[in-house]
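Protein chains: 2
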Amino acid sequence: MMTVIAKYRNLGLKLTPQRIAILDYLDGNKRHPSAEDIYLDVSKKFPTLSLATVYTTLGALREKGKVLELTIDPDKKRYDPETGKHNHFICILCKRIIDIPATNLIDFPEAITQDYCIITSHVEYSGHCPECKNIL
Amino acid sequence: MMTVIAKYRNLGLKLTPQRIAILDYLDGNKRHPSAEDIYLDVSKKFPTLSLATVYTTLGALREKGKVLELTIDPDKKRYDPETGKHNHFICILCKRIIDIPATNLIDFPEAITQDYCIITSHVEYSGHCPECKNIL
DNA sequence: GTACGTGCAAAGGTTTTGCATTACA
DNA sequence: TGTAATGCAAAACCTTTGCACGTAC
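Residue numbers (this note's numbering), protein chains in the order written: chain A, 693 to 828; chain B, 693 to 828.
Don't take each hint at face value.
[Claimed, not checked] Between beta-carbon pairs, the in silico distance windows are:
no.: 1; chain 1: A; residue 1: LYS736; chain 2: B; residue 2: PRO793; range: 31 to 41 Å
no.: 2; chain 1: B; residue 1: GLU755; chain 2: A; residue 2: LEU703; range: 38 to 48 Å
no.: 3; chain 1: A; residue 1: THR708; chain 2: B; residue 2: LYS736; range: 47 to 57 Å
no.: 4; chain 1: A; residue 1: LEU703; chain 2: B; residue 2: ALA794; range: 16 to 26 Å
no.: 5; chain 1: A; residue 1: LEU785; chain 2: B; residue 2: GLY720; range: 31 to 41 Å
no.: 6; chain 1: B; residue 1: ALA794; chain 2: A; residue 2: LEU785; range: 38 to 48 Å
no.: 7; chain 1: B; residue 1: HIS778; chain 2: A; residue 2: ILE784; range: 16 to 26 Å
[Said to hold, decoys possible] Quick list of in silico lysine to aspartate or glutamate cross-link-like pairs, EDC-like style, CA-CA up to 20 Å:
no.: 8; chain 1: B; residue 1: LYS787; chain 2: B; residue 2: ASP807
no.: 9; chain 1: B; residue 1: LYS769; chain 2: A; residue 2: GLU755
no.: 10; chain 1: A; residue 1: LYS758; chain 2: A; residue 2: GLU728
no.: 11; chain 1: A; residue 1: LYS768; chain 2: B; residue 2: GLU761
no.: 12; chain 1: A; residue 1: LYS825; chain 2: A; residue 2: ASP807
no.: 13; chain 1: A; residue 1: LYS769; chain 2: A; residue 2: ASP807
no.: 14; chain 1: B; residue 1: LYS706; chain 2: B; residue 2: ASP767
no.: 15; chain 1: A; residue 1: LYS825; chain 2: B; residue 2: ASP807
no.: 16; chain 1: B; residue 1: LYS825; chain 2: A; residue 2: ASP733
no.: 17; chain 1: A; residue 1: LYS722; chain 2: B; residue 2: ASP807
no.: 18; chain 1: B; residue 1: LYS787; chain 2: A; residue 2: GLU755
no.: 19; chain 1: B; residue 1: LYS787; chain 2: A; residue 2: ASP733
no.: 20; chain 1: A; residue 1: LYS787; chain 2: B; residue 2: ASP765
no.: 21; chain 1: A; residue 1: LYS769; chain 2: B; residue 2: ASP807
no.: 22; chain 1: B; residue 1: LYS722; chain 2: B; residue 2: GLU816
no.: 23; chain 1: A; residue 1: LYS787; chain 2: B; residue 2: ASP807
no.: 24; chain 1: B; residue 1: LYS737; chain 2: B; residue 2: ASP767
no.: 25; chain 1: A; residue 1: LYS787; chain 2: B; residue 2: GLU755
no.: 26; chain 1: B; residue 1: LYS787; chain 2: A; residue 2: ASP765
no.: 27; chain 1: A; residue 1: LYS769; chain 2: B; residue 2: GLU774
no.: 28; chain 1: A; residue 1: LYS777; chain 2: B; residue 2: GLU816
no.: 29; chain 1: B; residue 1: LYS769; chain 2: A; residue 2: ASP733
no.: 30; chain 1: B; residue 1: LYS769; chain 2: B; residue 2: ASP807
no.: 31; chain 1: B; residue 1: LYS825; chain 2: B; residue 2: GLU774
no.: 32; chain 1: A; residue 1: LYS768; chain 2: B; residue 2: ASP807
no.: 33; chain 1: A; residue 1: LYS777; chain 2: A; residue 2: ASP767
no.: 34; chain 1: B; residue 1: LYS768; chain 2: A; residue 2: GLU761
no.: 35; chain 1: A; residue 1: LYS769; chain 2: B; residue 2: GLU755
no.: 36; chain 1: B; residue 1: LYS722; chain 2: A; residue 2: GLU755
no.: 37; chain 1: A; residue 1: LYS769; chain 2: B; residue 2: GLU816
[As the list claims (entries may be wrong)] A few chain B positions that, by computed beta-carbon distances, are all more than 12 Å from chain A:
no.: 38; residue: LEU707
no.: 39; residue: LYS736
no.: 40; residue: ILE804
Rather than coming from a laboratory, the hints here were simulated on the basis of the structure.
Being a predicted model, the structure only gives us computed values, none of them experimental.
The beta-carbon is built from N, C-alpha and C at its ideal position, and this holds for glycine as well.
Take these sequences, add in the hints, and give me the full structure.
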C-alpha cells in the first residue's frame with residue numbers, strides 16, 4: 693500500500709502535516725466531500741486546521757490534476773480524488789453523489805467537434821438513490 | 693407568435709409587469725444568463741426591478757418546470773428557458789454556454805437503473821468555444 | 001535561508017429571507 | 001378583497017484574500 697506521502701511527493705507541493713492529513717482523508721474516498729466535510733473530519737485529529745487551508749490545498753491539488761471539482765451539487769462544490777474517467781449520480785433528496793462507470797460516450801455531433809475544442813465531458817444523473825427510493 | 697402572457701397564463705403565477713419583462717427577456721434566449729444578467733438587462737427598461745424579484749421569479753418558474761437551473765458554471769447559477777432534452781458546452785475561457793443536441797444516450801448500466809430512480813441526465817462538455825479557439 | 005503554507009480575520013460574491021407596501025386576479 | 005409579488009435591506013452561505021508567522025525543502 694502506497695502512502696500518500698509517496699503518492700504526492702513529486703508534485704512540487706510542500707507536504708505539511710495539514711496537507712498529509714487532508715490527503716489521507718481524500719485518498720480512496722468515494723463520498724465526494726465538500727470543503728467543509730473535509731475540514732470537519734480532518735480538524736478532529738488536527739484541531740488547528742483552518743478552512744482556508746483546506747481550500748488552498750484543494751486548489752493546489754486541482755491545478756496538479758489530482759482532484760476534481762464537481763459542480764453537480766447546486767449548493768456547494770464537491771471534490772473527487774478519483775480523476776479517471778467516470779460519471780456521477782446525485783440524489784436530489786440526500787445529496788449523496790455516487791460514481792457511475794463511463795461507457796463509450798459518443799454523444800457529440802461531428803460537425804461540432806470540428807469547431808470546438810472539447811477538453812472534458814461528464815454525464816450528470818440525478819434522481820433518487822437506492823436508500824431514498826426505499827423510504828419513499 | 694405567441695406572447696409570453698399567453699404562454700405562461702395558466703401556471704398559477706401572477707403575471708406582474710416585472711415578471712412579464714423577465715419572461716420576455718428569457719423567451720427564446722439562448723445565452724444561459726445568470727440572475728444578474730437578467731437583472732441588468734431587464735432593469736434597463738424597468739428601473740425599479742429588484743434582484744430579489746429576479747430570484748423569486750426564477751424559483752417560481754423552476755418549480756413549474758419552465759426554466760432549468762444549470763450548475764455547469766462553477767461561479768454562479770445559469771438559467772435556461774429551453775427545457776427540452778439537450779446538453780451543454782461551457783467555454784472555460786469566456787464562460788459562454790452553448791446548446792448541444794442530445795443524441796440517444798445509453799450510458800447507464802442496466803444493473804444501476806434497477807436500483808436507482810433516474811429523473812434527469814445531462815452531459816456537460818467543457819473546452820474552448822470556436823471564438824476563443826481562434827484567438828489562442 | 002527562502003519560498004511557500006498556515007491560520008486568523010475580513011472581504012467578496014451569490015443567493016435567500018423578513019417585512020411593510022403594492023397590485024394582480 | 002385576499003393572496004401573492006415587489007423592493008429594500010439585512011443576513012446567510014460559500015469561497016477567496018491579506019497578512020504576520022511558521023515550516024518544509
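Verification of the supplied hints:
1. A:LYS736 with B:PRO793: 31 to 41 Å: 48 Å, violated
2. B:GLU755 with A:LEU703: 38 to 48 Å: Roughly 45 Å apart at Cβ, these two residues keep to the hinted range, so it holds.
3. A:THR708 with B:LYS736: 47 to 57 Å: 51 Å, holds
4. A:LEU703 with B:ALA794: 16 to 26 Å: Roughly 38 Å apart at Cβ, these two residues miss the hinted range, so it is violated.
5. A:LEU785 with B:GLY720: 31 to 41 Å: 33 Å, holds
6. B:ALA794 with A:LEU785: 38 to 48 Å: 25 Å, violated
7. B:HIS778 with A:ILE784: 16 to 26 Å: 20 Å, holds
8. B:LYS787 with B:ASP807: Cα-Cα ~36 Å, so violated.
9. B:LYS769 with A:GLU755: 23 Å, violated
10. A:LYS758 with A:GLU728: The given pair, whose Cα atoms are some 19 Å apart, holds under the 20 Å limit.
11. A:LYS768 with B:GLU761: 14 Å, holds
12. A:LYS825 with A:ASP807: Given that 20 Å is the threshold and the Cα spacing comes to 42 Å, the pair is violated.
13. A:LYS769 with A:ASP807: 30 Å, violated
14. B:LYS706 with B:ASP767: Not satisfied, since the Cα-Cα distance of roughly 31 Å exceeds 20 Å.
15. A:LYS825 with B:ASP807: 8 Å, holds
16. B:LYS825 with A:ASP733: The hint is violated at about 42 Å.
17. A:LYS722 with B:ASP807: Answer holds: A:LYS722 to B:ASP807 is near 18 Å, not above 20 Å.
18. B:LYS787 with A:GLU755: 19 Å, holds
19. B:LYS787 with A:ASP733: With a Cα-Cα distance of about 34 Å, the restraint between B:LYS787 and A:ASP733 is violated, given a limit of 20 Å.
20. A:LYS787 with B:ASP765: 19 Å, holds
21. A:LYS769 with B:ASP807: Given that 20 Å is the threshold and the Cα spacing comes to 26 Å, the pair is violated.
22. B:LYS722 with B:GLU816: It holds: about 16 Å lies between the C-alpha atoms, which stays within 20 Å.
23. A:LYS787 with B:ASP807: With a Cα-Cα distance of about 16 Å, the restraint between A:LYS787 and B:ASP807 holds, given a limit of 20 Å.
24. B:LYS737 with B:ASP767: Roughly 27 Å separates the two Cα atoms, so the pair is violated.
25. A:LYS787 with B:GLU755: At roughly 19 Å apart (the allowed maximum being 20 Å), B:GLU755 and A:LYS787 satisfy the hint.
26. B:LYS787 with A:ASP765: Holds: B:LYS787 and A:ASP765 sit about 19 Å apart, inside 20 Å.
27. A:LYS769 with B:GLU774: 25 Å, violated
28. A:LYS777 with B:GLU816: 13 Å, holds
29. B:LYS769 with A:ASP733: 28 Å, violated
30. B:LYS769 with B:ASP807: 30 Å, violated
31. B:LYS825 with B:GLU774: The given pair, whose Cα atoms are some 26 Å apart, is violated under the 20 Å limit.
32. A:LYS768 with B:ASP807: 26 Å, violated
33. A:LYS777 with A:ASP767: Outside the cut-off at roughly 24 Å; violated.
34. B:LYS768 with A:GLU761: 14 Å, holds
35. A:LYS769 with B:GLU755: Roughly 23 Å separates the two Cα atoms, so the pair is violated.
36. B:LYS722 with A:GLU755: Between B:LYS722 and A:GLU755 the Cα gap is close to 31 Å, so the pair fails against 20 Å, i.e. violated.
37. A:LYS769 with B:GLU816: 16 Å, holds
38. LEU707: Since the minimum Cβ distance to chain A is about 27 Å, B:LEU707 lies beyond 12 Å and the statement holds.
39. LYS736: B:LYS736 clear of chain A: closest Cβ-Cβ about 28 Å, beyond 12 Å.
40. ILE804: Contrary to the label, B:ILE804 does not stay out of reach of chain A, its closest Cβ about 7 Å off (not over 12 Å).
Checked against the numbered hints given earlier, the structure breaks hints 1, 4, 6, 8, 9, 12, 13, 14, 16, 19, 21, 24, 27, 29, 30, 31, 32, 33, 35, 36 and 40 and satisfies all the rest.
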